[in-house]
Every structure is written in structure tokens, then in C-alpha cells.
Amino acid sequence: MNEFYTLSDGLKIPKIGFGTYNEEFADNKAVILDSIECGYRFFDTASLYETERSLGNALKESGIPRTDVIIETKLWIDEMGADNVRKAFEKSLNRLQTDYIDIYMIHWPRQTGTDDEKWKELDAETWVAMERLVRQGKVKHLGLSNFLPHHLKNILENCSIKPVVDQLELHPGYSQEAAVAFCKTNGVLPMAWSPLGRGRENATIGNAILVRLAKKYGKSIQQINLRFLLQKGILPIPKASSKEHMKANLEVFDFELSEDDMYMLSYMPQTAWLGEHPDFVIPDRKSNPENI
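Numbered according to the numbering used here, the sequence shown spans residues 12 to 303.
Treat the hints as calculated values from the structure; they're not laboratory data. If you're wondering where the values come from, they're calculated on a predicted model, not measured in any experiment. Glycine included, C-beta positions come from ideal geometry on N, C-alpha and C. It is possible that some hints are incorrect.
Unchecked claim - With a Cα cut of at most 30 Å, we get these calculated BS3-like pairs of lysine-lysine: (1) K173 to K40; (2) K173 to K149; (3) K98 to K131; (4) K149 to K26; (5) K226 to K23; (6) K26 to K173; (7) K151 to K173; (8) K131 to K151; (9) K243 to K227; (10) K258 to K26; (11) K131 to K40; (12) K129 to K23.
As the list claims (entries may be wrong) - Now the in silico label distances, taken between C-beta atoms and shown as ranges: (13) C170 to S277: 29 to 35 Å; (14) Q147 to P280: 44 to 50 Å; (15) Q281 to F15: 28 to 34 Å; (16) Y274 to Q108: 41 to 47 Å; (17) K98 to K173: 34 to 40 Å; (18) S253 to K71: 34 to 40 Å; (19) P280 to P76: 31 to 37 Å; (20) E287 to C170: 32 to 38 Å; (21) G229 to R77: 17 to 23 Å; (22) V222 to Q122: 25 to 31 Å; (23) P280 to K129: 34 to 40 Å; (24) A219 to A93: 48 to 54 Å.
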């Protein structure tokens with residue numbers, strides 16, 4: 012893992028992260044220990060995922076220096092607001108067993124089913140509270156997740172510390188070109204959750220274009236997806252439970268997709284979209300009082 016992006020505030024971050032959004036990671040630090048052994052040093056989690064504790068346990072057991080690892084976590088909608096941010100942050104900090112967070116993010120920009128503009132006030136208020144954590148030395152950098160241009164614009168107009176990253180669902184078949192372009196124009200690094208595509212049958216895997224390109228380059232479809240994102244200047248955060256797949260997801264720096272193939276993937280028909288839209292559809296949060 013010697014390939015890095017440099018964020019707008021100077022942070023060097025590995026070009027591929029390790030995602031922990033999976034039930035099997037919740038009580039399974041062994042999977043995360045395997046990812047560390049494979050070379051991952053940037054880890055993405057969230058209070059919603061219920062994997063912060065497993066990540067903290069794995070990092071502690073691994074013995075690698077805290078300064079060699081980048082931890083990114085997020086606060087959920089019910090943790091937003093001036094009075095809630097500090098409490099939510101301290102809970103995440105305790106679960107992760109660390110005294111600071113590298114990148115702290117707002118996970119979702121708005122409640123759904125509301126047509127008024129109150130979400131703008133809540134986002135801005137939450138951001139100010141997160142900026143306070145930065146000034147106190149508890150957080151190094153701030154970011155966003157699932158913020159489309161109109162959501163991100165609201166933060167940019169009301170912040171004193173700019174977000175350095177925005178995490179979006181991005182993959183061939185759902186490349187959100189306008190959102191990515193807006194991020195880059197404003198100095199925000201786009202990150203890709205679900206970089207391999209999702210859905211009930213994972214339509215990306217069976218897509219004829221991807222099958223053809225995998226054969227052409229002698230790579231797996233997953234590796235084609237990841238290479239596509241990297242060449243667009245996007246940081247993918249794949250997840251994997253086997254060491255074989257963990258290693259394969261890192262073996263994407265030894266080839267390059269042609270310009271024509273990049274265009275083909277950028278504008279292939281929409282496929283493998285999870286179906287969650289930050290203005291209309293919101294994921295359900297599991298109820299687990301012990302973890303909260």
C-alpha cells in the first residue's frame with residue numbers, strides 16, 4: 012500500500028481503504044486482523060455499522076502504531092445536532108479504543124419525507140459542533156457521506172473548516188458524474204462505498220461490458236471496477252471477508268484501462284445501484300442498545 016492521495020489539507024491517505032459495513036465484522040476482529048496482515052491501513056466504519064468495537068479490538072491486538080493507521084467513522088442522523096455530536100463522538104472514541112479520530116463524518120445529509128429546509132440548519136449546526144472537535148484536537152479531519160452537490164454546497168457556505176472527503180455510492184453503472192465533478196471542483200476527494208456494485212443479484216457482476224473487459228485485461232470484474240474508480244481519482248473502500256479477496260482488491264496498480272474503456276464504463280446503463288437516495292430513501296438503523 013504505497014499509493015496515496017493527498018487531501019486538500021495535506022493528509023496523505025492510501026488510495027484504497029477497507030470497508031467494515033458487514034454483519035460478520037460486528038463481532039469478528041479476525042477478519043479485520045486479516046486485512047491488516049494484507050496491508051490495509053485505512054479503515055472505514057460508522058456508528059451505524061456496529062463494527063467500531065471490532066475494529067478497535069483488532070487494531071489494538073495488531074500492535075501496529077496508531078500513527079500508521081487512518082480511522083474514519085461517521086455519526087448517524089439521530090446523533091446530529093449541537094447537543095448530540097459530542098456524546099456520539101465519545102461513544103465512537105470509546106468503542107474504537109483511541110483518543111482521536113482521523114476523519115469524522117456526517118453519515119447522511121437529511122431526514123427523508125421532509126420538504127422543508129430544516130435539514131440545512133441541522134447539517135450546518137452539526138458541522139459547527141464537529142469543527143469544535145477539530146479545534147480541541149480530538150478529530151484531525153472532517154468529511155461527509157452521501158452528500159450530493161446541493162447538500163455539500165450548504166456545508167461549504169456555512170463552514171470554517173472545509174470537508175476533505177465525500178463518500179458516495181460509486182461504481183460502473185452508477186458513477187454519479189455530476190457529484191464527483193462537484194467534489195473535485197471544491198477540493199473534496201470523492202470516496203466510493205459499494206465500489207463493486209450491490210443489489211439483490213449484484214447486476215454488475217453479470218454485466219456484459221465488465222465481463223468483456225475482465226477478459227481483455229486478464230483481471231477480475233472486481234478489479235476492473237476498482238481500477239475504473241482509481242483512474243477517475245476516486246478512493247474506493249471495498250470490503251471482503253477472505254484474505255484472497257482482500258489481496259486481490261489491492262492488485263489493481265499493475266494495469267491501466269484505456270481511454271475508450273473508461274468512457275464505456277462511465278456511461279454504461281445504470282446497474283447494481285443499491286437504491287438508497289439521500290433525499291428520499293434512508294437505511295434502517297439496527298436497534299442495539301448495548302452497542303449504542
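Legend entry - Those earlier numbered hints the structure runs against, lowest number first: 1, 5, 11, 12, 17, 18, 19, 20, 21 and 22
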